[in-house]
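2 protein chains.
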Amino acid sequence: MYWQKDIETMPISALQALQLQRLKEMVRRASTSSYYQQLFQEHGVTVEDLQQIDDIHKLPFTTKQDLRNGYPYGFLTVPKDEVVRLHSSSGTTGQATVVFHTTHDIQDWANLMARCMYMTGARKSDVFQNMTGYGMFTGGLGFHYGAERLGALTVPAGSGNSKRQIRFMKDFGTTILHIIPSYALHLLSVFEEEGVDPKTDLCLKTVYLGAEPHSEHTRRRIEGALGVKAYNSYGLSEMYGPGVAFECPEQQGLHIWEDSYFVEIIDPQTLKPVSDGEEGELVLTTLTREAMPLIRYRTRDLTSVCSEPCACGRTHKRLSRIKGRSDDMFIVKGVNVFPMQVETVLMSIPEVGTNYVIELDTEEEIDVMTVKVEVQSDFFLGDVKGLKALQQKITAALRSEVLFTPRVTLVEPDSIPEAQGKAVRVIDHRQQH
Amino acid sequence: MYWQKDIETMPISALQALQLQRLKEMVRRASTSSYYQQLFQEHGVTVEDLQQIDDIHKLPFTTKQDLRNGYPYGFLTVPKDEVVRLHSSSGTTGQATVVFHTTHDIQDWANLMARCMYMTGARKSDVFQNMTGYGMFTGGLGFHYGAERLGALTVPAGSGNSKRQIRFMKDFGTTILHIIPSYALHLLSVFEEEGVDPKTDLCLKTVYLGAEPHSEHTRRRIEGALGVKAYNSYGLSEMYGPGVAFECPEQQGLHIWEDSYFVEIIDPQTLKPVSDGEEGELVLTTLTREAMPLIRYRTRDLTSVCSEPCACGRTHKRLSRIKGRSDDMFIVKGVNVFPMQVETVLMSIPEVGTNYVIELDTEEEIDVMTVKVEVQSDFFLGDVKGLKALQQKITAALRSEVLFTPRVTLVEPDSIPEAQGKAVRVIDHRQQH
Ligand SMILES: [Zn+2]
Ligand SMILES: [Zn+2]
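Top to bottom, those sequences are chains P and Z.
Take the first sequence: its letter number 173 is residue 1631 in the working numbering, and every next letter is one higher.
Take the second sequence: its letter number 109 is residue 1567 in the working numbering, and every next letter is one higher.
Just so you know, the hints here were simulated from the structure itself, not pulled from any lab data.
Fair warning: there could be bad hints in the mix.
No copy is singled out in the list; a pair is fine if it fits within one copy or between any two copies.
Calculated cross-link-like contacts (lysine-lysine; reagent style DSSO-like; alpha-carbon spacing at most 30 Å) [what the hints assert, rightly or not]: (1) 1463 to 1538; (2) 1538 to 1582; (3) 1621 to 1880; (4) 1880 to 1628; (5) 1791 to 1621; (6) 1463 to 1730; (7) 1516 to 1663; (8) 1781 to 1843; (9) 1628 to 1538; (10) 1781 to 1582; (11) 1880 to 1463; (12) 1846 to 1730; (13) 1522 to 1628; (14) 1582 to 1851; (15) 1538 to 1663; (16) 1843 to 1582; (17) 1791 to 1582; (18) 1621 to 1846; (19) 1463 to 1621; (20) 1687 to 1781; (21) 1538 to 1687; (22) 1657 to 1730; (23) 1628 to 1482; (24) 1843 to 1657.
In this text the structure is predicted, and so the values were computed from the model without any measurement.
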């Protein structure tokens, strides 16, 4: 039931002791990088300031901008020839960032991934189809190494080519998928076109949804259509990649592996900690990284933490479903809106199809939000009156969520272009925003 | 100098004894697969027939069609839950094939790749940029695992996005590239556009050219432009992938790892062995594979073998540069032509640019071969007289190679669309061929 029972069910006091010991080790190690050496000096902190785990508040935060400033080698704590892997952000907009790994880090990461997958019931007898891109995207190689550590049969399918993906599922009896949620929704319509009923024609039992925040309704929809349990996977390339937090079979939040990450939730304005259950920005400190420790890294992801015991027996805290990045938020008519709010509303309406997009425009100096929504194919063939009623239903549901009236346009199934990789959900045409 | 000195320099008699022992083991193992069990029965052969290594001729060949017939599990010799990886051909045309690997196989493959790379001077201090696609394409994960085994810093760049590739080379001081030869040629023009001189602005010293047959002139051109040594890598997904044969620093043929593969060259018509140095079809038998041994597999690749000692001290035989697949050959006006012959001629002419394509048409029931050739950008800006002379020069050179007169069209640099992955060199518009 557990991949590493002693660690996963470790009593909280022991876990905290382990964290303090590892935090000291991390800070000592980080101090050997040129960037942290200077940062710690400026803040007048040393490892001696850490007497108890709460002393972590004495340490400065690390931001994405710090990673940019330190590019490429500012955060490295080992000789370059000890590094065996790097993952770099695209840097097409703004300056690039890079994360380095030693052999220890790669193995540590693979172990965390195996722990996540095992937790959901994955075993060596499973057939795991990895439907995300490989290369620089950490989701691909992250899950690949985890499945290999587990001894499952890995089908390195990569992204795209839905018909071939479905053929693999059939031919090899795939039991587990790793897939980006927006692509999973798209796949549902391909199953329909191909005349394949995933519930009866395939052996699927588990799906890992990663790399994009998604709503509970999106999960339930994918579960219902595929006849599987779908688990939320969370990670970011600044921390290895996936494997930071993962849902257990209870599906009541994502266990964050506290032996490897120290978790804080802060108010992004005041930078003060918020209480259990309160929403704020996730801040993570690596506890086992060798090549590149990161101290109090501001992820910009919004979530809350729950310290209550979990029915699965694991003692590690749980994150609530990630609401999105603070940068994802947009302001319309003075109201803060997260794409996730729109998605939650849309996916709760059965007649809504598998794709949507939010467009923002300015008309006579006033913000206009238009939500283009694909409609289920059988419903789309119905009468105009039905469509009109659906449009009004969606508009009302969105209004009650965002508190202003959006425009809703219903479109045919598959008429919104499918994204390569992560879906683009918001297109902002406004002059200034 | 050697990754595994004892194996790489093993005296020939010891190597042959090892091969016989492993061949028996393989045949015994293969006999447990449903496909070989039946095939061996039909041919009335058993492992007892193998008294000396030449007795391999008693065994039947295995063809691509056999792999299709046995799809998916016909060749499997281990329980399914011992399989940790599969690589499947696309099967968009014709039926798919699949190759399975155990943990042993993956490690064995990684070791062979590390042996190849080490042979060319790659060490843990190197920065290895893997510029091919990952996923089902075995070249990506094959080199990735080899570099990791070696302890080099792997930059899992994946394919495409040339500007980002060049930024990685600069930012991380890349010393080794793995790249498809047609993409390497394309990259030369991107360097020019970007104003980057790879010889002075980068740290490149080694390039691995794989996945496509290419000519000696292509290699010399890439070496000259990048200021590197370029090595020919050979493999096929039916045998793990890359790592079957690889050039040593002597660059006089590709050492085929005879501890892992038994090599034969046959006349594809008579199926009889040809002599050393004579061209024929490469036939390979796996000697160490666990999940899926293949016996006398007809690769369809045309080459010759050289058993002379190599100056590098390795005792393993060498393959000559692969001329192409027997299926690559096309017939124009009754003449057999390989794309490689055309490439060899084109790349020997300095004014020729980095891309070309061969188009085949029927005009008044007569075959017409048109070779579209990109011209070097500085030359293209010259006078019309120069272009006319170049066209005549190329036509004459091609005629003396293929023995009929092709049409040659000169086009601007970058006007032939760049391929995604392996280049499409021949477009056949003819009704019947
Ligand atoms: Zn739990
Ligand atoms: Zn040699």
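Going down the list of hints, with the structure as the test:
In this assembly of identical chains, residue 1463 and residue 1538 lie within 30 Å of each other by CA distance solely across copies; the values are 27 Å between and 35 Å within a copy. Taking identical chains as interchangeable, the C-alpha atoms of residue 1538 and residue 1582 lie at most 30 Å apart only when they sit on different chains, with a minimum of 10 Å there against 35 Å within one chain. In this homomeric assembly, residue 1621 and residue 1880 come within 30 Å of each other (Cα to Cα) both inside a single copy, at 19 Å, and across copies, at 21 Å. For the homomeric pair residue 1880 and residue 1628, the shortest alpha-carbon distances inside one copy (25 Å) and between copies (27 Å) are both at most 30 Å.
Proximity of residue 1791 to residue 1621 under the C-alpha cut-off of 30 Å is found in neither arrangement, the shortest distances being 43 Å within a copy and 39 Å between copies. With identical chains, the CA atoms of residue 1463 and residue 1730 are never at most 30 Å apart, being 34 Å at best within one copy and 60 Å at best between copies. For the homomeric pair residue 1516 and residue 1663, neither the shortest alpha-carbon distance inside one copy (46 Å) nor that between copies (47 Å) is at most 30 Å. For the identical chains of this complex, residue 1781 and residue 1843 are neighbours neither inside a copy (35 Å) nor across copies (66 Å), given an alpha-carbon limit of 30 Å.
When the C-alpha separation of residue 1628 and residue 1538 is checked against a cutoff of 30 Å, the pair qualifies only between copies, where the shortest distance is 15 Å, while the shortest distance within a copy is 44 Å. In this assembly of identical chains, the alpha carbons of residue 1781 and residue 1582 never lie at most 30 Å apart, being 33 Å within a copy and 42 Å across copies at closest. Neither within a single protomer nor between protomers do residue 1880 and residue 1463 lie at most 30 Å apart by alpha-carbon distance, with minima of 34 Å and 47 Å respectively. For a Cα distance limit of 30 Å, the shortest separation of residue 1846 from residue 1730 qualifies neither inside one copy, at 48 Å, nor across copies, at 75 Å.
Taking the shortest alpha-carbon separations for residue 1522 and residue 1628, only the inter-copy value of 22 Å comes in at or below 30 Å, while the best intra-copy value is 42 Å. Taking the shortest Cα distances, residue 1582 and residue 1851 never come within 30 Å of each other, neither inside one copy (47 Å) nor across copies (61 Å). In the homo-oligomer, the alpha carbons of residue 1538 and residue 1663 lie at most 30 Å apart only across protomers (18 Å), although the nearest pairing inside one protomer, at 43 Å, exceeds that limit. Taking the shortest alpha-carbon separations for residue 1843 and residue 1582, neither the intra-copy value of 52 Å nor the inter-copy value of 68 Å comes in at or below 30 Å.
Proximity of residue 1791 to residue 1582 under the C-alpha cut-off of 30 Å is found in neither arrangement, the shortest distances being 53 Å within a copy and 56 Å between copies. Taking the shortest alpha-carbon separations for residue 1621 and residue 1846, neither the intra-copy value of 34 Å nor the inter-copy value of 48 Å comes in at or below 30 Å. In the homo-oligomer, the alpha carbons of residue 1463 and residue 1621 never lie at most 30 Å apart, since the shortest distance is 40 Å inside one protomer and 47 Å across protomers. In the homo-oligomer, the alpha carbons of residue 1687 and residue 1781 lie at most 30 Å apart inside one protomer (21 Å), although the nearest pairing across protomers, at 51 Å, exceeds that limit.
Taking the closest pair of Cα atoms, residue 1538 and residue 1687 come within 30 Å of each other only across two copies (24 Å); inside a single copy the shortest separation is 42 Å, beyond that limit. In the homo-oligomer, the alpha carbons of residue 1657 and residue 1730 never lie at most 30 Å apart, since the shortest distance is 47 Å inside one protomer and 52 Å across protomers. Taking identical chains as interchangeable, the C-alpha atoms of residue 1628 and residue 1482 are never at most 30 Å apart, the minima being 50 Å within one chain and 35 Å between chains. Taking CA atoms no more than 30 Å apart as the test, residue 1843 paired with residue 1657 passes in neither setting, with 33 Å inside one copy and 68 Å between copies.
The structure fails hints 5, 6, 7, 8, 10, 11, 12, 14, 16, 17, 18, 19, 22, 23 and 24 (numbered hints given earlier, in ascending order).
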